[in-house]
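Residue-level listing of the chains:
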Amino acid sequence: MTLDYAELCRRTRERDRSLREKVMSLGEAAALVPDGAAVGIGGSTLSRTPMAMIWALIRARRKDLFCARSITSSEGELLFASETSRHILTSWFSQGIVWGVSRIMRLYTEAGRARFEEWSHLAVGLRFRAGAMGVPFLPMRSMMGSDVAGRLPEVRLIDCPFTGEKLVLVPALNPDVALIHVQRCDAYGNAQIDGLPFMDVDLAMAANRVILTTERIVSNDQIRRAPDHTKIPFMAVDAVVEVPFGSAPHECYGLYEPLFRHLDAYAAQIRQDPEGGIRAYLDRYFYGPKSWTEYLDLLGLDELLDARRRGTSIHDN
Amino acid sequence: MTISTSSYTASELLAVMSARLLRDGQVVFAGVGIPLLAATLAQRLHAPGLTILFEGGVIGAFIEPGKLPPSTNEQRCTRRANMVLSSTDVLLLLQRGYVDIGFMGGAQIDQFGNLNSSFIGDLSGAIGRPATRLPGTGGGNDIASLTQMIVAMKHEKRRFVNRVDFVTSPGFLCGAESRREAGLIAGGMYRVVTDLGLFGFDERSKRMQLQALHPGVTVGQVQESTGFELVVAPDLPVTDPPTAGELAALRHLDPDRLYTA
Numbered sequence: 001m002t003l004d005y006a007e008l009c010r011r012t013r014e015r016d017r018s019l020r021e022k023v024m025s026l027g028e029a030a031a032l033v034p035d036g037a038a039v040g041i042g043g044s045t046l047s048r049t050p051m052a053m054i055w056a057l058i059r060a061r062r063k064d065l066f067c068a069r070s071i072t073s074s075e076g077e078l079l080f081a082s083e084t085s086r087h088i089l090t091s092w093f094s095q096g097i098v099w100g101v102s103r104i105m106r107l108y109t110e111a112g113r114a115r116f117e118e119w120s121h122l123a124v125g126l127r128f129r130a131g132a133m134g135v136p137f138l139p140m141r142s143m144m145g146s147d148v149a150g151r152l153p154e155v156r157l158i159d160c161p162f163t164g165e166k167l168v169l170v171p172a173l174n175p176d177v178a179l180i181h182v183q184r185c186d187a188y189g190n191a192q193i194d195g196l197p198f199m200d201v202d203l204a205m206a207a208n209r210v211i212l213t214t215e216r217i218v219s220n221d222q223i224r225r226a227p228d229h230t231k232i233p234f235m236a237v238d239a240v241v242e243v244p245f246g247s248a249p250h251e252c253y254g255l256y257e258p259l260f261r262h263l264d265a266y267a268a269q270i271r272q273d274p275e276g277g278i279r280a281y282l283d284r285y286f287y288g289p290k291s292w293t294e295y296l297d298l299l300g301l302d303e304l305l306d307a308r309r310r311g312t313s314i315h316d317n
Numbered sequence: 001m002t003i004s005t006s007s008y009t010a011s012e013l014l015a016v017m018s019a020r021l022l023r024d025g026q027v028v029f030a031g032v033g034i035p036l037l038a039a040t041l042a043q044r045l046h047a048p049g050l051t052i053l054f055e056g057g058v059i060g061a062f063i064e065p066g067k068l069p070p071s072t073n074e075q076r077c078t079r080r081a082n083m084v085l086s087s088t089d090v091l092l093l094l095q096r097g098y099v100d101i102g103f104m105g106g107a108q109i110d111q112f113g114n115l116n117s118s119f120i121g122d123l124s125g126a127i128g129r130p131a132t133r134l135p136g137t138g139g140g141n142d143i144a145s146l147t148q149m150i151v152a153m154k155h156e157k158r159r160f161v162n163r164v165d166f167v168t169s170p171g172f173l174c175g176a177e178s179r180r181e182a183g184l185i186a187g188g189m190y191r192v193v194t195d196l197g198l199f200g201f202d203e204r205s206k207r208m209q210l211q212a213l214h215p216g217v218t219v220g221q222v223q224e225s226t227g228f229e230l231v232v233a234p235d236l237p238v239t240d241p242p243t244a245g246e247l248a249a250l251r252h253l254d255p256d257r258l259y260t261a
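Chains A and B supply the protein sequences, listed in that same order. Following the working numbering, the numbering of the first sequence begins with 1 at its first residue and continues without gaps. Following the working numbering, the numbering of the second sequence begins with 1 at its first residue and continues without gaps.
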């Protein structure tokens, strides 16, 4: 995943980086992600998860994606169970602390059916940052002495050439494609992110292709009125898909909180029967619906409106 | 509503006892669960100027009572914060030395304060696969590598082991100077808070040392629940039990007992 610099530059030069409209459907965007691709996933845990794009890739029966995300929640369980991915690089993998250790993550990793490649949270961040900077690695001061580093052949321990101190080097991660969900962007892909940015800006700049899903497409004039809010520039973006509630049942800052009742029911269904439970969930919510709208319909207006009320309540005080 | 001071859960005891260790004006990097709750409790009791950092990318949050987040990455973690920033950049505040205390829970700890949240079981076997895969480090390894640590966890023999199955987040590694020799120049274990007592670490050997007992707990009881030989401080005070005020504030923060069941 650490590319030769000339190859990294070549891939960037080959992209159409002009100011052009790139709005498309979920299905068209999914076609930009081939089997076996290295995919960086934006957001973290239950926040700004690019769920609609993951939904589209699972429905398109993509295989063997290598996925990397800061922290992995239920979307990782669904990627494993649908066999879309058998290898996820992340720092933490379970739905969320209140639901306990992921039954699906355990089921797949303990039997060797899939791999959870564990790096420290900062290491994941610096790998994306090195990728964004166009350098092959960055130094850091954690992971030393731990068994986390011991399991990772790509980690190097060096003596600093300036101070003689021990440092860990982590290699750049330049995914083939990044999936990032944002509150708004224009048709060119100028993306504005509210609230927690996680690692999304580094991820976008590290990736060789970026698919943005957005709650709303706004005019380029609106972007230009507040360019200080733009976090990802159009030239890094290859596809723009408008998907309202595109992170549901996870949250999107300032717009909707997680759909807790849905997530509780999902966790309970898996607790009862991990393999059968998640299979039934995939059938009902991922393979079954004809469209994203129909998926939202299944989540239910009640839950969506409740999540919306809780999400927008942060603007009240 | 009357609040009984004689009955509280082990988690409530953990939250109150660890909140008392935090000082006004400190910068604390808190994990989800008891650490987040205890840090927020400290803000509402004796440390209104405590700055809480979350790995989701938050500086200076004040969590709203009854609205506890399912991780430290949701919008609930940003309430009344001074700043939101990328997860990478908030973690880099640890490396740059801005954080006084890292505060985490743990699944398994050993006599040198090494924490395991990755694997339970033997990884060295023929198949090289563990009995149980746990969720992993998250920012735990970074926090424990880069700052002084408070760990809050339930005291059980299977959790307090001689040697952790896997070092996810480093304590003093093999004791004495081994942490520094591994390249970890800053930080280290400061306190471990359990439902039985308070622990520090011997200055030279870096072994866990019992420093105070909670009311009604004996040294024998602690040793019974510990998988290694305890070092006991010469002077062993008994902690003050949680007050009605502390418990009321705690239950106001977590009325649904999301973290304190």
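Take the hints with a grain of salt, since some may be wrong.
Covered by chain B, per the in silico footprint, the following chain A stretches (three or more residues, Cβ under 8 Å) [said to hold, decoys possible]:
hint: 1; region: 16-28
hint: 2; region: 60-68
hint: 3; region: 187-198
hint: 4; region: 271-278
hint: 5; region: 292-306
With beta-carbon atoms standing in for the labels, derived distance ranges [as the list claims (entries may be wrong)]:
hint: 6; chain 1: A; residue 1: Arg309; chain 2: B; residue 2: Phe62; range: 42 to 52 Å
hint: 7; chain 1: B; residue 1: Pro215; chain 2: A; residue 2: Asp64; range: 56 to 66 Å
hint: 8; chain 1: A; residue 1: Leu32; chain 2: B; residue 2: Gly121; range: 32 to 42 Å
hint: 9; chain 1: A; residue 1: Thr12; chain 2: B; residue 2: Gly97; range: 33 to 43 Å
Among the chain B residues that face chain A by a calculated CB cut under 8 Å, a handful are [said to hold, decoys possible]:
hint: 10; residue: Val32
hint: 11; residue: Glu74
hint: 12; residue: Thr88
hint: 13; residue: Leu91
hint: 14; residue: Leu93
hint: 15; residue: Arg133
hint: 16; residue: Asn141
hint: 17; residue: Asp142
hint: 18; residue: Leu146
hint: 19; residue: Gln148
hint: 20; residue: Arg163
hint: 21; residue: Pro170
hint: 22; residue: Ala176
hint: 23; residue: Gly183
Because the hints were derived from the structure by calculation, they are not lab data. Built from N, CA and C at the ideal position, the CB exists for glycine as well.
Taking the hints in turn, this is what the structure says about them:
Note: the region 16-28 of chain A has 0 residues with beta-carbon separation from chain B under 8 Å; the three-residue rule is not met and the coverage is violated. Closer than 8 Å: that is the beta-carbon criterion, and the region 60-68 of chain A has 0 residues meeting it against chain B, so the requirement of 3 is violated. With a cut-off of 8 Å between beta carbons, the region 187-198 of chain A has 4 residues touching chain B; three or more are needed, and the interface restraint holds. Remark: the region 271-278 of chain A is not confirmed as covered by chain B, as 0 of its residues place a Cβ nearer than 8 Å to a Cβ of that chain, below the required three.
A count of 0 residues in the region 292-306 of chain A with a Cβ less than 8 Å from any Cβ of chain B is obtained; the coverage claim is therefore unmet, three being the minimum. Roughly 21 Å separates the CB atoms of Arg309/A and Phe62/B, a value that falls outside the hinted 42 to 52 Å. Between Pro215/B and Asp64/A the Cβ separation comes to about 57 Å, which falls inside the hinted range of 56 to 66 Å. In this structure the hint that Leu32/A and Gly121/B lie 32 to 42 Å apart at CB holds, the actual value being about 41 Å.
Under the hint 33 to 43 Å, the C-beta atoms of Thr12/A and Gly97/B, about 36 Å apart, fit the expected range. For the restraint placing Val32/B at the interface with chain A, the shortest Cβ-Cβ distance is roughly 5 Å, inside the 8 Å limit, so the hint holds. Checking Glu74/B against chain A by beta carbon gives a least distance of about 6 Å; that is within 8 Å, so the hint holds. Interface hint at Thr88/B: satisfied, since its Cβ lies 3 Å from the closest Cβ of chain A, which is below the 8 Å cut-off.
Because the beta carbon of Leu91/B sits about 4 Å from the nearest beta carbon in chain A, less than 8 Å, this interface hint is met. Given hint, Leu93/B at the interface with chain A, is violated; its Cβ is 11 Å from that chain's nearest Cβ, farther than 8 Å. For Arg133/B, the suggested interface contact is upheld, since its CB lies about 5 Å from the closest CB of chain A, less than 8 Å. Of the supplied interface hints, the one on Asn141/B holds, with its beta-carbon coming within about 4 Å of a beta-carbon of chain A, less than 8 Å.
Of the supplied interface hints, the one on Asp142/B holds, with its beta-carbon coming within about 4 Å of a beta-carbon of chain A, less than 8 Å. The criterion of a C-beta within 8 Å of any C-beta in chain A is met by Leu146/B, whose closest approach is roughly 6 Å, and the hint holds. Contact between Gln148/B and chain A, as hinted, is not supported at the beta carbon level, the nearest pair being about 14 Å apart and thus beyond 8 Å. Against a cut-off of 8 Å between C-beta atoms, the interface hint on Arg163/B is violated, since the closest Cβ of chain A lies about 11 Å away.
The restraint placing Pro170/B at the interface with chain A holds, with a minimum CB-CB distance near 5 Å, inside the 8 Å limit. Against a cut-off of 8 Å between C-beta atoms, the interface hint on Ala176/B is violated, since the closest Cβ of chain A lies about 13 Å away. This hint holds: Gly183/B has a C-beta 3 Å from the nearest C-beta of chain A, less than the 8 Å allowed.
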